[in-house]
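Keeping the supplied structure of chain W fixed, place chain F upon it in accordance with the hints.
Residue numbers (this note's numbering), protein chains in the order written: chain W, 1 to 195; chain F, 1 to 210.
By construction, these hints were calculated from the structure, which means they are not laboratory data. None of the values given here were measured: they were computed from a predicted structure. Each residue gets a CB set at the ideal place from its N, CA and C atoms; glycine is no exception. Be aware that a few hints might be false.
[To be verified] Simulated coverage check for chain F against chain W, where a stretch passes if three residues somewhere in it have a Cβ under 8 Å from a Cβ of chain W: (1) 69-82; (2) 105-113; (3) 165-176; (4) 201-207.
[Claimed, not checked] Simulated pairs of lysine-lysine, DSS-like, Cα-Cα distance not exceeding 30 Å: (5) Lys98(F) <-> Lys129(F); (6) Lys197(F) <-> Lys98(F); (7) Lys89(W) <-> Lys197(F); (8) Lys74(W) <-> Lys89(W); (9) Lys117(W) <-> Lys74(W); (10) Lys74(W) <-> Lys197(F).
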Amino acid sequence: MDIDSFLRDPVSRRRFFAGSGLTFAAGSAMFAAACGDGQDTGGVATSREEDDAADVEILNGALDLELMSVAAYKAAAARLRGEVLQIGKLLVEQEQEHADALVSAVEDAGGTPNRAKSSYDFPELRSQRDALRFVLELENTAVAAYIDALPRITKSDLRGTASAIVTNEAQHISVLRGALGLPQVPHAFVNGEAG
Amino acid sequence: MACKESAIVVDGDAGSARIAAFQRDRRELVRRGLAFGGAVVAASSIPLLASVRNAFAAGEDDSSILAEAIRLERIAVLVYDRAIESGLLSTRVERVAKLFSDNEREHAGALTAALADLGAQPPAQPTVKDIDSVVGGIGDVSSQADVLRFAIEFEMAVVAAYHDAQQKLSDAELQQLGASIMANQGQHLVVLRQALKQPPVPNAFETGEN
Numbered sequence: 001m002d003i004d005s006f007l008r009d010p011v012s013r014r015r016f017f018a019g020s021g022l023t024f025a026a027g028s029a030m031f032a033a034a035c036g037d038g039q040d041t042g043g044v045a046t047s048r049e050e051d052d053a054a055d056v057e058i059l060n061g062a063l064d065l066e067l068m069s070v071a072a073y074k075a076a077a078a079r080l081r082g083e084v085l086q087i088g089k090l091l092v093e094q095e096q097e098h099a100d101a102l103v104s105a106v107e108d109a110g111g112t113p114n115r116a117k118s119s120y121d122f123p124e125l126r127s128q129r130d131a132l133r134f135v136l137e138l139e140n141t142a143v144a145a146y147i148d149a150l151p152r153i154t155k156s157d158l159r160g161t162a163s164a165i166v167t168n169e170a171q172h173i174s175v176l177r178g179a180l181g182l183p184q185v186p187h188a189f190v191n192g193e194a195g
Numbered sequence: 001m002a003c004k005e006s007a008i009v010v011d012g013d014a015g016s017a018r019i020a021a022f023q024r025d026r027r028e029l030v031r032r033g034l035a036f037g038g039a040v041v042a043a044s045s046i047p048l049l050a051s052v053r054n055a056f057a058a059g060e061d062d063s064s065i066l067a068e069a070i071r072l073e074r075i076a077v078l079v080y081d082r083a084i085e086s087g088l089l090s091t092r093v094e095r096v097a098k099l100f101s102d103n104e105r106e107h108a109g110a111l112t113a114a115l116a117d118l119g120a121q122p123p124a125q126p127t128v129k130d131i132d133s134v135v136g137g138i139g140d141v142s143s144q145a146d147v148l149r150f151a152i153e154f155e156m157a158v159v160a161a162y163h164d165a166q167q168k169l170s171d172a173e174l175q176q177l178g179a180s181i182m183a184n185q186g187q188h189l190v191v192l193r194q195a196l197k198q199p200p201v202p203n204a205f206e207t208g209e210n
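With the rest of the complex left out, here is chain W:
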């Protein structure tokens, strides 16, 4: 994957969640509460097996994105210093929490979770500023992808969980923008499209 093209192409990033439904099952503290008896809100009746198969595809797309974020923060960390490095460490831990939860969710839906790629084609990061801008762009991409997928979530309680992840990614954006000296809350609506 050409990461630069991916980040700039909304169609490509939305393909991370290209299946028919984004559903998170149990497996972490957050997702456990969302498992089992959530209200299905989709208009088309599907079997549990069909839902699970679609879920696995979508969840694995989300997992790919979170795993790439973890790798991106680790790559960026080499350029971060002092307090900014501490911020980077916190944010990568939270991306890993999202990934761990998604792994459990894929397994609970009967699928095999995708694994991190052995390497990613990230751009060269020459400075702290480069590194911050890169992960900021990735965070915006994540927000756009999750919000795009949100209506395809079939279980109501799981839609709440996905919203909690989106909100966390939006908070990362504010922290990163602050570290770059940019306005931390540039828009009243956070959709990842206007970085």
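Same frame as chain W, now just chain F:
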């Protein structure tokens, strides 16, 4: 306080689960208030913040949820306007409060337009009672730090309310609008926490319950 608790029982679903949730939220808010030293989040505002957190609990369709959200956003505007009027804020924090007031106003506008698209009328403007019941809590503060702590509690309650709403809204575009607003409220929390030198992002899943 007793009146507000009664209102939940009389006006709500009167379901034991909902009442239990209210009591749990209230206990949590009381605990936070005590953690701040007892005087920061005024005792009188604690059950009222809990009512904000439960604002969408009674909404069973998109129109009623939107109406509650509009009411909540209008009150949020007033929270920040009252904070600015307090005269307790530094120039920098006052600018932040003005920005956040503008954000809340934009949310209210978008939600009102969405409600109109559903063919429903917007709710009445908040009454003096509504304003006093929620914004009144900010009148008990005496420093910028107090205002910021109140604003954090309020924003947490709003995030929790939107988290609930995301589980009830049926329209796809409304789900996306709700998420983009919830995310913005989460960003407000970052700025407010940093102003108090608190960890800006304490949890990987922001539900307003943290």
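Here is how each hint holds up against the structure:
| no. | hint | result |
| --- | --- | --- |
| 1 | 69-82 | violated (count 0) |
| 2 | 105-113 | holds (count 3) |
| 3 | 165-176 | holds (count 8) |
| 4 | 201-207 | holds (count 6) |
| 5 | Lys98(F) <-> Lys129(F) | holds, 24 Å |
| 6 | Lys197(F) <-> Lys98(F) | holds, 20 Å |
| 7 | Lys89(W) <-> Lys197(F) | holds, 18 Å |
| 8 | Lys74(W) <-> Lys89(W) | holds, 8 Å |
| 9 | Lys117(W) <-> Lys74(W) | holds, 14 Å |
| 10 | Lys74(W) <-> Lys197(F) | holds, 26 Å |
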